[in-house]
Amino acid sequence: MSAPLDVPGGATEAQPEAVLSGAGVAIQGRSLTRIAWLRLRRDRWALAGGVIVVLLILIAIFAPLVVGLLGHPPNEFHPDQIDPDLATPIHPLGGITGDFLLGVEPLNGRDLFSRVVYGARISLLIAFLATLLSVLIGTVLGVVAGYYGRWVDTLISRTMDLFLAFPLLVFALALAGVVPDKAFGLNGDALRIALLIFIIGFFNWPYIGRIVRGQTLSLREREFVDAARSLGARTPYILFRELLPNLAAPILVYATLLIPTNILFEAALSFLGVGVRPPTPTWGGMLSEATTYYRVDPTFMMVPGVAIFVTVLAFNILGDGLRDALDPRAR
Amino acid sequence: MLAKTVKVEHTMRRRRTTIAVAGAAALTVSLTACGGGSSSGDGGASGGAAKFDAAVTGVVNSSDAKGGTLRYANEGEWDSTDPGDTYYGYSWNFARYYTRTLVTYKSAPGAEGATLVPDLATSLGKSSDGGKTWTYTLKDGLKFEDGSPITSGDIRYAVERQLDKTTFPHGPTYFNDFLADVPEGYSVYKDKKDLDSIETPDDKTIVFHLNQAFSGFDYFAALPSTVPVPKDKDTGSKYKSSVVSSGPYKFADYQSGKSFKLVRNDQWDAATDEVRPALPDNIDVTLNVNKDDIDQRLLSGDLDVSVTQLGIGAAAKAQVLADPEQKKNADSAPLNRTWFTSINSEVAPFDNIDCRKAVIYAADRTGYQTAFGGSIGGGDVATSLLPPTIPGQQKIDLYPVSSPTGDEAKAKEALTACGKPDGFETSYSYRVERPAEKAAAESMQQSLAKVGIKLTLKPYPQSDYFSLYAGKPSFAKKEGLGLMANGWGADWADGYGFLSQLVDSRVIRETGGASNLSVRDPEVDKLIDLAVNEQDTAKREQEWADIDKKVMEGAWVYPGVWAKVLLYRPKTLTNVFVSSSYDGYDYSALGVAKS
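Chains as they are written, first to last, in numbering that gives the first Met the number 0: chain F, 0 to 330; chain B, 0 to 594.
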C-alpha cells in the first residue's frame, strides 16, 4: 500500500467535468461494504488486529498439528525439567529451551506452549459461541422492542434492565458449582463448555439488545420503512428484510467488541475454578495456577497472561477499526 | 462412643487442616531426614551448631541466658487467646507462656517432645474404675498473676465454662463428649451450677468422671481446656483480652487486631515448673502481617518467629535453599499429618482388593510427593497412614515398588487378578481450593493412565467436602468417586489421636461428615476397641501399629506423604528445637541472643 488515498481502479479522483466532456474515467458506484473495506484497508492497526485474530483462529483449529510440530502433548508430565526441591523449572526463564518454546509449568513440567495453544481452543470456542448466542437473542429482542414500541418495548426493556442488574459472576459460580456430570445428552468437558457458553451468552444479550433497539427506533421512522409499509409489506418482511440489513454494521461492530469481553469473562470463570476440569488447559485456569508461583517463576504467569492480552487487544482494535469503517459519521 | 466421636473429629480436623491448607498453598518443601534419626538424645544438644534440619532432632544454640525481647508475627489473628476457646496447634504452643495445664508435653527435641509430664499436677492422672475416673493432685505454691492461689476449683470452673460452645465456639469438644452426664446445652453462665462429673474434694484434688473408659485421658488434661480460670475474673467471651496468667508471662498491652505484649509474671514460681525455662523478658506479637513480609523479616533477622509455623513461602524457600549460609538455619520439620488418597470400596471395581492394590502399585510416589512440596518441607513418601512422629509407629511397606514413579508390572498383575487386565474408568475427588491436592490428582491421573486406569478429576469446595461430597457415602457412590484426596493431622501424637477417627468404619455415617472415607474393615474396628481400653502404653502402641498395618493389608488407602514444613530460625534465636507435639518450634523453650 503506497499512499493512504490509493484506491484501486486506476483513478484516484473522480473528475466530473472530464466525464461530462466525454473524457476521463466513469464514476463507479460503491456499495457500503466496499466503502467499509476500503476504509478498513487503510487502517493499519485494524488490519494488524485482523491478521492476529485470523492467526489465532487458525492456531486454535489446527492445535493438534501445531503442537505436534513444535511441542509436547499438553497433559504430559516432564519431571526431568523440574527441580525436585523447589518444584520450579531447572532452566532459566521458566524453563525455556529449544524443546520447550515457552517454558514448562512448575511442579509437573507440562509444556506451556502446548497448553497455551490448546487453551486458545477453549477460550475462542466459548467466546465465539457465547457472542453468537448474545447477538441472536439481543438482535431479535432488540428489533422487536424497537419496532413495536409501547408495552412490548416496556416489557423487553425492563427485562434487559433485570438482566443487566443480575449478579452474573455470582450466578455463574453457583451454577457451575452444582452442574451434574451428565445432562442434556452431554457429559464431562463438553457439558461444562456448553454451560459456560450458555451462562456467558445468555446474560450478555442486553448490551447488544439495547443498541439494536435504539437503532431500530430511529430506523423505523425513516422513509424507506414508510415506503415498504405503504406498499403493503408485512411486518416480518419489514423487520428482517428492511431493518435488519441496516443494523448489520452496528451488530458486527459490537459483536467484535463483545468477543474480547467474553474471553476475559471465560478466563475469570476458569481463574475462579468453575471452568472446564483439569487437566484440560484454559488460559484463566493457567493464570490461576500461576499465582502460586508468581515470585519464583514469573514466566508461568506471563505466558497465559500475554496470550489473553494479545487476543483481547487484537479483537478490540479490529472492532474499533470496523466501527470506524462502518460508521459513516466517523469521518 | 460413636454417636459423639464424629463431633470430635470435626473440630479435630479443623485445627490442623487450616494450618495445612495455607501450608500447602504457600508451597513449602527437603532432604529425607529419615524421620528416626533422633536416636541419641545427646542430640547435638548443648550448644548445637546451626545446620540444616538440626533443630528437628536436637537443640540449636542451646542457652540458658535470660533477657531480651522475643518478636513474633502472625499473618492473621488467633482464633482466640482464651485458653478455653482456641484450636490451633500454634496457639496451644504459644499458650504455654501465659497458662499452665494439669499436665503438658515435655520440652525436648525429637520423640521425647511427645511425652506427657505433670505441670500443675504433681503427677500424671491416676485412673480408677477401669479408666472411667481420673484423679489429679495440684502442686503447692501455685499462684495466679494477682497472687491468689490456684485451686482445683479454678480448674473445675475452667473446664465447665468451655463446655459452652455458643460462647466459646473454637475449642475442642473432648470434654463435652467424654464427661459423664453433661446436660444438653449446659452453660456455666446460664445454669449457674457445677457438674457432678467433676469433683473437687479439697483445694488440691480434682476428679473427672467419664461416660466411658478411656486410657488416654492425660492427653485431655494437657489441652488448654484445663487452664485454671478464676471465676470472679471471668468475663465470658471478652476474657481473651484479659486472661489471668498462671504461667511465666502475663498480658501487658492487648490491642485487638494489631498487637499484644507479654511481660514477666512475678507470681510464677520457677520451682513449681519443670517445663518452662522462661528465657526472654518480653514477648512482642504483631498481628495481621503480610506473609511475604514475615518471610523477608525472618531472613533479615528483623523478626524471630512466624507464630503460625506454616513454613516459609515459595519465594523465600527458593532464596534459602540456594544459599548454604541461610539453608543451615532452616528445618524441614515433620508434622503429625499424612496426605493420602482414600480408595472407595463402594465404587466398583474397588470392591475387589486387587483393583485397590493396582492403584497403590501404579501411583507415582515421587509425583505425589512433589505435588505436596517435595522432600524439603513437603514430606516423605508414606508407606502407611501413621506418620513416623507418632510414638510406636512402625515402618510398614507392604507394597514395595520397582521405581519411585510407580510399578507398572505389579500394577498390571494386580489388575489381571482383579479381572480388569485392560484397566477401567473411575473418578478422583479433591478440594478445589487446594493447589497441592489438585497437583496430586493430576499426578495420579498421569501415572494410573499408564496401566489403563482412567481418572476423571472432580473438584469440590472444601467447606462441604466431608459433609456433602466425598464424605457422604451415597454421594460418593452415585458420582463414582473411587479415589478421594484426603488429609489428616492429629491433635496429639499418639495412635488414638491419629487413627481413631480415620480408620474406624463406625464413624462413617450415611448423613456424611466423617473423615474416614474408605476404611470399612470390621477387623480394624475390633482392634480399635482393644487399643482404646488398653492401659499399658507399650502394648497400646503396638496395637495401634497393628491397626496401621491391617489398614494397609486391606489396601483401603494409598498413603501418599507424611507431611513436613520448612521452618526458618534466625541466628538471634536460642534454644531452638522442633516439638513433636506442636508441629513447630517449642515456644516455651525459646530464648533470644542479645545483639
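Keep in mind that the hints were calculated from the coordinates and are not lab data. Treat the numbers as computed from the prediction; the structure is a model and nothing was measured. Hints are supplied without guarantee of correctness; some may be wrong.
Said to hold, decoys possible - Distance ranges between label pairs, derived from CB positions:
| hint | chain 1 | residue 1 | chain 2 | residue 2 | range |
| --- | --- | --- | --- | --- | --- |
| 1 | B | Phe-474 | F | Leu-124 | 29 to 35 angstroms |
| 2 | F | Arg-294 | B | Asp-280 | 35 to 41 angstroms |
| 3 | F | Val-309 | B | Lys-449 | 52 to 58 angstroms |
| 4 | B | Ser-241 | F | Phe-308 | 43 to 49 angstroms |
| 5 | F | Thr-158 | B | Ser-473 | 36 to 42 angstroms |
Said to hold, decoys possible - Which chain B residues face chain F? A few, computed with CB under 10 angstroms, are given here:
| hint | residue |
| --- | --- |
| 6 | Thr-134 |
| 7 | Asp-268 |
| 8 | Lys-316 |
| 9 | Leu-320 |
| 10 | Pro-323 |
| 11 | Gln-325 |
| 12 | Thr-365 |
| 13 | Gly-373 |
| 14 | Glu-432 |
| 15 | Ala-440 |
Just so it is clear, CB atoms sit at the ideal spot from N, CA and C, and this is done for glycine as well.
Structure-based check of all given hints:
| no. | hint | verdict |
| --- | --- | --- |
| 1 | B:Phe-474 to F:Leu-124: 29 to 35 angstroms | holds, 31 angstroms |
| 2 | F:Arg-294 to B:Asp-280: 35 to 41 angstroms | holds, 36 angstroms |
| 3 | F:Val-309 to B:Lys-449: 52 to 58 angstroms | violated, 36 angstroms |
| 4 | B:Ser-241 to F:Phe-308: 43 to 49 angstroms | violated, 54 angstroms |
| 5 | F:Thr-158 to B:Ser-473: 36 to 42 angstroms | holds, 40 angstroms |
| 6 | Thr-134 | violated, 51 angstroms |
| 7 | Asp-268 | violated, 47 angstroms |
| 8 | Lys-316 | holds, 7 angstroms |
| 9 | Leu-320 | holds, 6 angstroms |
| 10 | Pro-323 | violated, 14 angstroms |
| 11 | Gln-325 | violated, 14 angstroms |
| 12 | Thr-365 | holds, 7 angstroms |
| 13 | Gly-373 | holds, 5 angstroms |
| 14 | Glu-432 | holds, 8 angstroms |
| 15 | Ala-440 | holds, 7 angstroms |
Hints 3, 4, 6, 7, 10, 11 from the list above are not met by this structure, while the remaining hints are.
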